[in-house]
Every structure is written in C-alpha cells, then in structure tokens.
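S.K.: These protein sequence lines map, in sequence, to chains F and E. If you're matching positions, the first sequence starts at 0 in numbering that gives the first Met the number 0 and goes up one per residue. If you're matching positions, the second sequence starts at 0 in numbering that gives the first Met the number 0 and goes up one per residue.
No lab work stands behind these hints: they were computed from the structure. Cβ coordinates follow ideal geometry from the N, Cα and C atoms, glycine included.
If we take Cβ atoms under 7 Å as the criterion, some of the chain F residues that face chain E in the derived model are:
{"no.": "1", "residue": "Ser7"}
{"no.": "2", "residue": "Asn21"}
{"no.": "3", "residue": "Ala23"}
{"no.": "4", "residue": "Tyr24"}
{"no.": "5", "residue": "Lys27"}
Chain residues, written in single-letter form:
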Amino acid sequence: MRNHDKPSWIAVAGIAWMASVNLAYFAKSQSYFVGKLAVMGRFLGIGP
Amino acid sequence: MTAFLFILAVGVILTGCGWTVVTKLDRDAVLNDLERLAFGLAVAALGLHLAVFAVGHWRLDPLGMGLVAGAFILGAIPGLRAMPWAAWRGLVTASVRGSAGHRFEALLWVLILGIALSALLQGLAPPNDYDSLMYHLSIPLYDVAKGWMEIAWGWHNRNFFPILVENLARFALVFSGTGAAQMMHGLLGLGAAMMTAALARRLGGGRKTALAAALMFLSVRVVVWEMATLEVEVAQALYCGGALLAYMLLRRQGGYGLACLFGLMLAGAFHVKYTSLLYAGAFAPIMLWDLFRRRMKIGPWLTGPLVTLAIFVPHLARNLAMTGNPLFPLLNPVFNKGGPAFMEDAREQYGVGRDLLSHLEAPWAFSVDPLRNFDGVILGAPYLLALVPFAFLGRRRARDVVPAVAVALGFYLGWFHLISQQVRFLAPLFPLLAGLAALGAASLWEEAGASRPLRLGLATLFLVLAATQSMFVGIYTVLRLPVALGLQSVETYLTTTPTMDGSHYLACKYLTERLQPGQRYLSMLQPHFATCPTTSAVIWLPGEEKAWMTGKLPTYSTAEFLAKLDEADIRYVIVQSRFENRRNADARAEMRTAVLSGDRIAKHIVPALDSVQPLFSDKFADVYDGVEIREALRRRLRAGG
Numbered sequence: 000m001r002n003h004d005k006p007s008w009i010a011v012a013g014i015a016w017m018a019s020v021n022l023a024y025f026a027k028s029q030s031y032f033v034g035k036l037a038v039m040g041r042f043l044g045i046g047p
Numbered sequence: 000m001t002a003f004l005f006i007l008a009v010g011v012i013l014t015g016c017g018w019t020v021v022t023k024l025d026r027d028a029v030l031n032d033l034e035r036l037a038f039g040l041a042v043a044a045l046g047l048h049l050a051v052f053a054v055g056h057w058r059l060d061p062l063g064m065g066l067v068a069g070a071f072i073l074g075a076i077p078g079l080r081a082m083p084w085a086a087w088r089g090l091v092t093a094s095v096r097g098s099a100g101h102r103f104e105a106l107l108w109v110l111i112l113g114i115a116l117s118a119l120l121q122g123l124a125p126p127n128d129y130d131s132l133m134y135h136l137s138i139p140l141y142d143v144a145k146g147w148m149e150i151a152w153g154w155h156n157r158n159f160f161p162i163l164v165e166n167l168a169r170f171a172l173v174f175s176g177t178g179a180a181q182m183m184h185g186l187l188g189l190g191a192a193m194m195t196a197a198l199a200r201r202l203g204g205g206r207k208t209a210l211a212a213a214l215m216f217l218s219v220r221v222v223v224w225e226m227a228t229l230e231v232e233v234a235q236a237l238y239c240g241g242a243l244l245a246y247m248l249l250r251r252q253g254g255y256g257l258a259c260l261f262g263l264m265l266a267g268a269f270h271v272k273y274t275s276l277l278y279a280g281a282f283a284p285i286m287l288w289d290l291f292r293r294r295m296k297i298g299p300w301l302t303g304p305l306v307t308l309a310i311f312v313p314h315l316a317r318n319l320a321m322t323g324n325p326l327f328p329l330l331n332p333v334f335n336k337g338g339p340a341f342m343e344d345a346r347e348q349y350g351v352g353r354d355l356l357s358h359l360e361a362p363w364a365f366s367v368d369p370l371r372n373f374d375g376v377i378l379g380a381p382y383l384l385a386l387v388p389f390a391f392l393g394r395r396r397a398r399d400v401v402p403a404v405a406v407a408l409g410f411y412l413g414w415f416h417l418i419s420q421q422v423r424f425l426a427p428l429f430p431l432l433a434g435l436a437a438l439g440a441a442s443l444w445e446e447a448g449a450s451r452p453l454r455l456g457l458a459t460l461f462l463v464l465a466a467t468q469s470m471f472v473g474i475y476t477v478l479r480l481p482v483a484l485g486l487q488s489v490e491t492y493l494t495t496t497p498t499m500d501g502s503h504y505l506a507c508k509y510l511t512e513r514l515q516p517g518q519r520y521l522s523m524l525q526p527h528f529a530t531c532p533t534t535s536a537v538i539w540l541p542g543e544e545k546a547w548m549t550g551k552l553p554t555y556s557t558a559e560f561l562a563k564l565d566e567a568d569i570r571y572v573i574v575q576s577r578f579e580n581r582r583n584a585d586a587r588a589e590m591r592t593a594v595l596s597g598d599r600i601a602k603h604i605v606p607a608l609d610s611v612q613p614l615f616s617d618k619f620a621d622v623y624d625g626v627e628i629r630e631a632l633r634r635r636l637r638a639g640g
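Let's have the full structure, built from the sequences with the hints guiding it.
M.R.: Spelled out as structure tokens, the structure:
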C-alpha cells in the first residue's frame, strides 16, 4: 500500500508526459490555430 | 422549437420502450439505473430502425410512420411507469444539495449539461456537412419525397451501407424536418455519453471519474461536431461502447439476458456502420480465451453472436437480393466475380505507414499532428493521449481493463491494417478511451498525494488541455447556435460557414425556386448534394443508373448523349465550378477550379457550356439553361462536331 501523503515518481512522470504531449501539439498546430482564429474573426465580423 | 419538443418526446418514448426490454433481459438486476437507461435508449433506437425498415418500404408517410409511432408510444407506457421516478427525484435533490459542498462535481455537471444541450440544439442548424449532404441525409430526403423507401440507384454504392441513423432520420423527416433528423443523432450521442460514464464506473472509477469520462467523450471534437449532423460515428460509439460494457458484465455474471444484450449492441453497431464488423471481430480473442478457460458456458457464449446475426439479416437479405452481395459494396469481387472493388483507393489515402514502427507512431501522430497524414483535427487537444496511459495504475481494475484493452487493441490493429486510417473511424473506441482518460486523470491526481507543487503542476496541465478543447467545443456553438435559434438567416449561415469543398446553397436555391413540378435537371456536382432538389435530379443518364455496379460505364457519341438529355427532358444543368481545398498543414482554405474535362459526359457538355452563358453563378457552381445546352449540342451536331 502506497503512502498517499508522499508524492510518487508516477505523478512526476505524468507531468513530464503531459507537458511533452502539450508542447508537441502546440509546436505542430501554431499555424492551424492562427488560421482558425482568423476564420472565427471573419465570421464574427471582427477580423481582417 | 417544435423539432426540439419532438426530440424530447422521442427520447422519453424510446427510453420507456427500452427500459422494459432491458429490465426483462436483466432478471438478476446486474445493471444499475444509468446502464438500464443507456442500454434502453440504444435497444429502442435499434427497434425503431427495424420498424422503419419494415414499414417504410410500404409507406414512408404520416400514416406508415404514425403506426410505428403508435406502437412505440404504447410500448413505452409500461417502462415509463416502472421507472423509479421517486428514487431519481431524491437522487437529483441530494446531488444538487450535495454539490454545494463539492464544487468540482457541480462544475462537471454544469459542463456536461451545457455541452449536451448545446450539441443537441445545434442540430437545428441547416445541414452543411459533406457526407450528410451527399447521402446520410440526401437519401432519406429522397425517400420521404417519394413517400416510400426505395433504392435511389442514382446515388452510387452508398445506398447499400447500413442505415440505422438514416432510418431514424426518415422517421423524424416525416413528422418534422432536417432539424429533428439531425437531433436524432444528437440523442444517441447523449446515450453514448451515458454509456461512457457507465463504462468508467465498471472500470473502477468513482462518480466524479464517471462524470469526467462523459465530459471527455462529449468534448471529442468529432463527437460534438457529429452530434448535430447525420454523420453516423457517434451512434456507432454508443453501440460499440454498449457492446463492450455488456460483454464485461457478461463475463462477470454470465446469463442469457446479458448475452442477448451483448448481441443487440453489436447488431446495432452493424446496422450503423460496416466498420463495426471489425469491432465485433476484435472480441474474438477474448471470447475464445473465456470459452477455453471455461469462464463462460457455451449457451450464453453463442447467444450473443447469434442474436447479432439474426438482427442483421434484414440488411444482408436486402443487399443480397439487390446486388448479389450481402455486404455490398464491401468484398464485392468475392461475391460478384469480375465486379469492381469499391473504396479500395480510400485505404491508402491516410496514415503514417503500415510498418511495425508506425503502429506506435500513429496514435502520437493523429493526436499531436493530425493535419499531416490524417483526416483533420478529429480529436482536438491531445487529452486522450496525455491521460489514457495512466489509467493502468492499480491492480484492482485489471479484471475488467484487460479484456477492454484487448478488444481496443484488436480493433486498432484492424483499423490500422484493413481499412482507411481515418481517425473518426476509431469512434467505436471513444467511450472506452474517454473512460480510461478519466481514470488516468484520477489516478495521477491520487498519485500526486498531498504534494502542492505536483498538484499545481497537474492542475495547470489539465487546465491547458481543457482550455484548448473548449475552443473546439465552443466554436461549433458559436457557428451553429445563432442560426439554430433563429438569430441568423439560413442564407448567411450556409454561405459564410466554412464547409468541406464549399456550399452550393445559392445555386441550389436558384434551382429550387425555378423548377416546376415534373421538370428535371442534370447535376454535375461532385458529389451531388442534398442542398439541391432530390427527386428531380438526374445524376446518371436514363438507362445507366445501375451501370456503376459493373464498373463499365457507357460512353456516348454527341448524338447519343443529346438523345439521352432529350429523353430525360433536362430543363437545367448545374455544374460545379470551383471548390475549397483544406487538406494542408494548417487547414487553410484554398480555392481551386473544378476540372470537368476528360469525363465521359464532360467531353460532350464542356464545349456546349463554352457557347452559352450561365443563368446563375455563385462561388462554387453555375446553373445553365438545359434547353439552351441541348440547342448548343444540336448546333455542334449540325456543324459536324
């Protein structure tokens, strides 16, 4: 039985994994998000 | 709003009918109320599909569907009376009071109810998605306009795909309209969210984990998008998630009732989409293992597949009678020697490859870089990839997690090797993946213990994922709700909302307003969309409606082609002029010219088009006077062209 007052290495690994997945995602999707925001802006009549 | 009330009534009636059936199958009271509701909705929707299938070939009008509706209303009464309303009222009251002290649980409820209601209401927006306009909606519209179900031969092989969602749409179209038809799929999406929560509970999650699982399912980009359309993957997720849950319970408890439920869920999945055949195949290893280890008796073990087969017979029989192939258009050369192999080209269209390493690379690639090799941003933010691996912490879940994962891996391998690697085709796994992701998040939170820095780190990352996903969920609300609620005109919505390839709304509207009863028009849209009139469209020329089945389309001289146009008495011709391509690294729309040259019909009609002016043009299509086109062809003939 694990002592729940002490953090485990799994939580640290979880943070590392989630952070790398997020970073990879944003690195690959920058232009996609910019493009979508532009489409949204045009749709709402506030974009270029 | 009458469409919304119609859907609420349908939801109550279906749940009432399903409750009776599921309660009878669950004699040992293995299922909890949430499971009975989710299974009940799924079973009754399958029943409604079969009823429309049986009656609709005779009458697809208020009388025929009224008889079906009457039978379901009567069938719902015992179930609605037997439901434990008092207990639920107490539960809701206690939850509302209790949630005051559990802010996170209250937040989950608010988000789930908000997304669910929004997704359902978005169905009231005019249809504008590619596959629905091409066949999921256009074929039901064609049938309802005719007044009975028939094979619309002119719409290619998609007439012969499974039609559960389309039959629910037919039922809704007879009484209401396209809004109600789309919300029928949304209703099944709510059932799938309930099934996901139930699955998460049986995998070892608590109440908050189950709520988080339902939220994660509803937030998958393709789920929130498809719930307001007639694209069928959300319904498939309901039945496939249900089949997995039923089998998990069956191998725990045994019994013929749960075996029947398992069979009914797989039958529902088969009636929704052919790729469910692969999903059923993924059960084979664990089922054989359970039989070998004597975890299950042969009777219940056989019952599930036999029920599935028996209920899928109507579809198989119709296809066999019409095409000689019960699974048409799948495996066509096997059943029709020398016949064309359909959809082979789609298999190689997507994916990072099919080698050994790609098995591992694909989930990473379609989660973090989906625009490069796949069918677009289907999942949204990569929260499934980020959280699912941590679901496997803790031994207490192994008994159920192992068979669930075995089925998921089996289906993934089938998807990877045998069909087109489109990420939305993984929908049968979404309930399980959402459940596992919620379990993963809960496990990580638990693992962080009382450490404030770790909890802060985890909370930050959860928030980043949630904020990113909220944009995908929110954008559909922003796009569709104004028109759905009557705050924006249909014309503005259909001409400004981004769609795949672009909308033909204005050109189709021009045709709709001018076509007189009995007049017909030649559609050279690629593909023909239900935005335009259905029954008056000539997509295949007279006499060649079934030629595509042999793969040998006739070619014509100019004189023969003109004779075909005269025979069809073509009044207008609609031609696709341009389209928007978004298959690039950042999904940016690029306008391209539609090229008609080289086609067996285009080689005759393009020179004729060059000599006349279109009556109407919009951004994507031109409408010509059919009589002028025929005259132009006659002039060419006289000139010896």
